[in-house]
Amino acid sequence: MPELPEVETTRRKIEPYLKGRQLIRLEHDAPHRYRQTHLAHGRTVSGLGRRGKYLLIHLDDAGEAPLELIVHLGMTGGFRFDATPHTRVTLHTDQGQLYFQDARRFGKMAVVTPGEYASMPTLARMGPEPLSEAFLELDFVQAAARAGAVKPWLLSQQPVAGVGNIYADESLWRARIHPAQTRLTPDEALRLYQAIRTTMAEAVEAGGSTLSDGTYQQPDGISGLFQVHHNVYDRAGQPCPRCGTPIQKTVLAQRGTHFCPHCQVLRG
DNA sequence: CGCCTACCCTGCTCGC
DNA sequence: TGCGAGCAGGGTAGGC
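If you read the first sequence in numbering that gives the first Met the number 0, its first letter stands for residue 0, the second for the next number, and so on.
Some hints here could point you the wrong way.
[As the list claims (entries may be wrong)] Have a look at the derived ranges for each label pair, beta carbon to beta carbon:
1. Thr184 <-> Asp93: 48 to 58 Å
2. Glu14 <-> Thr244: 38 to 48 Å
3. Arg124 <-> Gln193: 35 to 45 Å
4. Leu137 <-> Thr83: 40 to 50 Å
5. Gly41 <-> Gln237: 49 to 59 Å
6. Ala200 <-> Ile23: 32 to 42 Å
7. Pro120 <-> Gln193: 24 to 34 Å
8. Gly147 <-> Gln21: 44 to 54 Å
9. Glu63 <-> Arg196: 35 to 45 Å
Treat the hints as calculated values from the structure; they're not laboratory data. Note that CB positions come from ideal geometry on N, CA and C, so glycine has one too.
Whole structure, please, built from the sequences with the hints as guidance.
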């Protein structure tokens, strides 16, 4: 499932293709899922940004109010340079097509005035980018001291942007914290802060993760490489790389959750 | 307000 | 071999 590293990889891959091109038409048949896309017709792509797992396609034209085409990849969404059986949106540009495929249809698009995210509350309340200077140790430690179960807290996108199920499990393993731990000590929170930064940086470097089911691939169909670095995710029953104890899988907040029962002990 | 739960949606895996 | 049940899950709405 696309999280920050996969979305960032997507951004880097399609920006050279889209930048400077005119969007002639966005073709789809699900207006409730891809909202106000007609506003993008005839507009020029000036660049691509990202906030957490949201891709922000900037549309700037002289004499026109700037717009943003927001794209969330959902679970199975991704851009391709060639049409696929699960193409949901075709972006017709003045120099060819780009295809958005999304087998399970959890992906979303919307054209909005830049920064107006009222219709997307998670984006509106998005926490700091984990690899930016805006991600402050002290803020994180203080918020973590008051938080409920740490994994659902991370998944809320409020303490930090872009952490999803895979990278939450990986970061918590690296920090040696149980996913259900509440009210982190300053030492725990600091370890988690560093773990998130390290995990995200390495995953971006590797071009994201491609799961064994091929859930995520880059626009050119090439796989990410980070999955070979997964220590707990999708490794139930296999030995913890640190201590050899079999990795355990449970369900927490309706999410498959992987952890080492020896390294990640729940404090009372 | 904050936490929890159900729901959206469909391809794939698994068991019989 | 075929088929249906179950599973995967980010974000959001709605309930308490």
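Results for each hint:
| no. | hint | verdict |
| --- | --- | --- |
| 1 | Thr184 <-> Asp93: 48 to 58 Å | 56 Å, holds |
| 2 | Glu14 <-> Thr244: 38 to 48 Å | 43 Å, holds |
| 3 | Arg124 <-> Gln193: 35 to 45 Å | 24 Å, violated |
| 4 | Leu137 <-> Thr83: 40 to 50 Å | 46 Å, holds |
| 5 | Gly41 <-> Gln237: 49 to 59 Å | 52 Å, holds |
| 6 | Ala200 <-> Ile23: 32 to 42 Å | 38 Å, holds |
| 7 | Pro120 <-> Gln193: 24 to 34 Å | 29 Å, holds |
| 8 | Gly147 <-> Gln21: 44 to 54 Å | 47 Å, holds |
| 9 | Glu63 <-> Arg196: 35 to 45 Å | 39 Å, holds |
Violated hint: 3 only; the structure is consistent with all others.
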